[in-house]
Amino acid sequence: MRIAIASGKGGTGKTTVAVNLASLMSETNSGLYYVDCDVEEPNGHLFLNPEVTAKRPLFLPKPSINEELCDGCGECKVICQYNALALIGEKVLVFPELCHSCGGCTLACTRDAITEVPHEIGSIFEGKAGELMYAGGELKIGIPSAVPLIKEVKSMVPNMDDAILDAPAGTSCPVIETVRGADYVLLVTEPTPFGLNDLKIAVETVRLLGLPFGVVINRAGMRDEKTNGYCEEEGIKILSEIPNDRKAAEVYSRGQMLYTGIPGFRKYFKELFLKLTAEIESLTEKSTVI
Amino acid sequence: MLIAVTAKSADPNSEVEPRFGRAPYFQIIDTESDEIKVVENSENVNAMQGAGIQAAESLANTNADVLLTGHCGPKAFHTLKTAGIRIVVGVDGAVKEAVERFKNNEYEYAASPDVESHW
Numbered sequence: 000m001r002i003a004i005a006s007g008k009g010g011t012g013k014t015t016v017a018v019n020l021a022s023l024m025s026e027t028n029s030g031l032y033y034v035d036c037d038v039e040e041p042n043g044h045l046f047l048n049p050e051v052t053a054k055r056p057l058f059l060p061k062p063s064i065n066e067e068l069c070d071g072c073g074e075c076k077v078i079c080q081y082n083a084l085a086l087i088g089e090k091v092l093v094f095p096e097l098c099h100s101c102g103g104c105t106l107a108c109t110r111d112a113i114t115e116v117p118h119e120i121g122s123i124f125e126g127k128a129g130e131l132m133y134a135g136g137e138l139k140i141g142i143p144s145a146v147p148l149i150k151e152v153k154s155m156v157p158n159m160d161d162a163i164l165d166a167p168a169g170t171s172c173p174v175i176e177t178v179r180g181a182d183y184v185l186l187v188t189e190p191t192p193f194g195l196n197d198l199k200i201a202v203e204t205v206r207l208l209g210l211p212f213g214v215v216i217n218r219a220g221m222r223d224e225k226t227n228g229y230c231e232e233e234g235i236k237i238l239s240e241i242p243n244d245r246k247a248a249e250v251y252s253r254g255q256m257l258y259t260g261i262p263g264f265r266k267y268f269k270e271l272f273l274k275l276t277a278e279i280e281s282l283t284e285k286s287t288v289i
Numbered sequence: 000m001l002i003a004v005t006a007k008s009a010d011p012n013s014e015v016e017p018r019f020g021r022a023p024y025f026q027i028i029d030t031e032s033d034e035i036k037v038v039e040n041s042e043n044v045n046a047m048q049g050a051g052i053q054a055a056e057s058l059a060n061t062n063a064d065v066l067l068t069g070h071c072g073p074k075a076f077h078t079l080k081t082a083g084i085r086i087v088v089g090v091d092g093a094v095k096e097a098v099e100r101f102k103n104n105e106y107e108y109a110a111s112p113d114v115e116s117h118w
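Residue numbers (numbering that gives the first Met the number 0), protein chains in the order written: chain A, 0 to 289; chain B, 0 to 118.
Because the hints were derived from the structure by calculation, they are not lab data.
This list has only true hints and no planted wrong ones.
Subject to a maximum C-alpha distance of 20 angstroms in a straight line, what follows is the list of computed PhoX-like cross-link-like pairs (lysine-lysine):
hint	chain 1	residue 1	chain 2	residue 2
1	A	K90	B	K80
2	A	K76	B	K80
3	A	K246	A	K269
4	A	K54	A	K139
5	A	K76	A	K90
6	A	K199	A	K225
Use the sequences and the hints to build the structure in full.
See below:
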């Protein structure tokens with residue numbers, strides 16, 4: 000099964016939940032993957048300290064115009080849906096930062112004047128943290144879209160293997176790419192007005208995508224009951240409430256796991272794991288009945 | 000000489016639109032005949048990306064010599080430069096007045112873009 004951890008708001012504890020859950024689950028599920036899809040600011044490795052066994056760059060093809068062959072017909076520009084090409088007189092200008100590497104221009108060119116040149120967009124890492132498999136990526140600074148790299152990072156997990164996918168913050172394309180194909184999405188929120196506002200947006204997003212989901216309230220007990228109220232009204236399951244505890248911040252700031260670093264915290268993640276498994280099982284049963 | 004001005008509307012009394020790529024209209028004024036041609040830029044107003052580049056290309060097709068606008072980013076700047084269009088940024092007020100100020104040599108051409116991408 001594939002479980003994506005997303006949030007909407009940044010800093011609610013996605014990575015905290017993801018690394019603790021993944022590490023705890025790897026005790027009984029060898030071969031489980033932790034996949035850091037937050038390739039713009041990956042930090043899961045700070046807690047897991049994986050031994051990186053392989054690292055490779057990822058390249059995307061971008062058009063390059065051979066001006067001697069180009070007759071300025073403009074077919075390439077007409078097919079480009081991303082406004083990455085402009086035709087000024089008979090000269091074609093290329094804006095690689097807008098290009099989505101679809102290859103359309105190369106196919107449309109009738110004079111073979113376009114060649115695709117590889118552009119490095121980032122790196123992919125593979126490794127192991129104890130029994131837990133690790134996959135992650137790092138987007139090069141200045142590269143506008145993380146989506147192709149996230150796709151590649153996700154492809155590191157063999158088809159049948161279980162994985163915990165750690166999503167970036169927000170609800171835009173990189174998050175959509177992360178949760179795509181997941182069996183279940185855990186939305187981590189915090190009981191603050193900001194957390195709730197962004198949770199609502201995240202809920203809308205996963206509902207649109209038709210993905211089953213549940214909520215984890217991190218730093219629970221901050222005396223804002225609105226988040227629980229909202230989940231109740233909307234019929235959203237709260238799978239775990241991790242208490243607001245100064246010790247959690249201390250342990251986190253040392254790059255340690257909460258479930259091993261704080262006595263009594265293991266039960267929150269164990270409970271989350273059990274509820275999650277039950278949820279996914281009940282979903283599978285439902286779909287088998289249908 | 001053809002002067003292109005980014006405009007909020009097609010009306011001759013329109014105000015100057017500060018954005019270049021996503022300006023609703025371009026008014027192209029012929030300084031010799033005072034004739035005004037209006038070019039709609041609606042396609043680029045809602046473009047997902049690359050509005051400045053495409054606006055620059057459509058401006059190049061009007062044979063405009065000069066562009067008067069509020070701001071111009073690096074990609075539009077590069078495209079306009081390739082098309083041989085000279086650029087004045089920081090222009091505001093009414094389109095008509097801007098053209099008069101240009102005729103009175105009150106403006107200087109921009110040597111570089113004045114805003115970053117995705118302004």
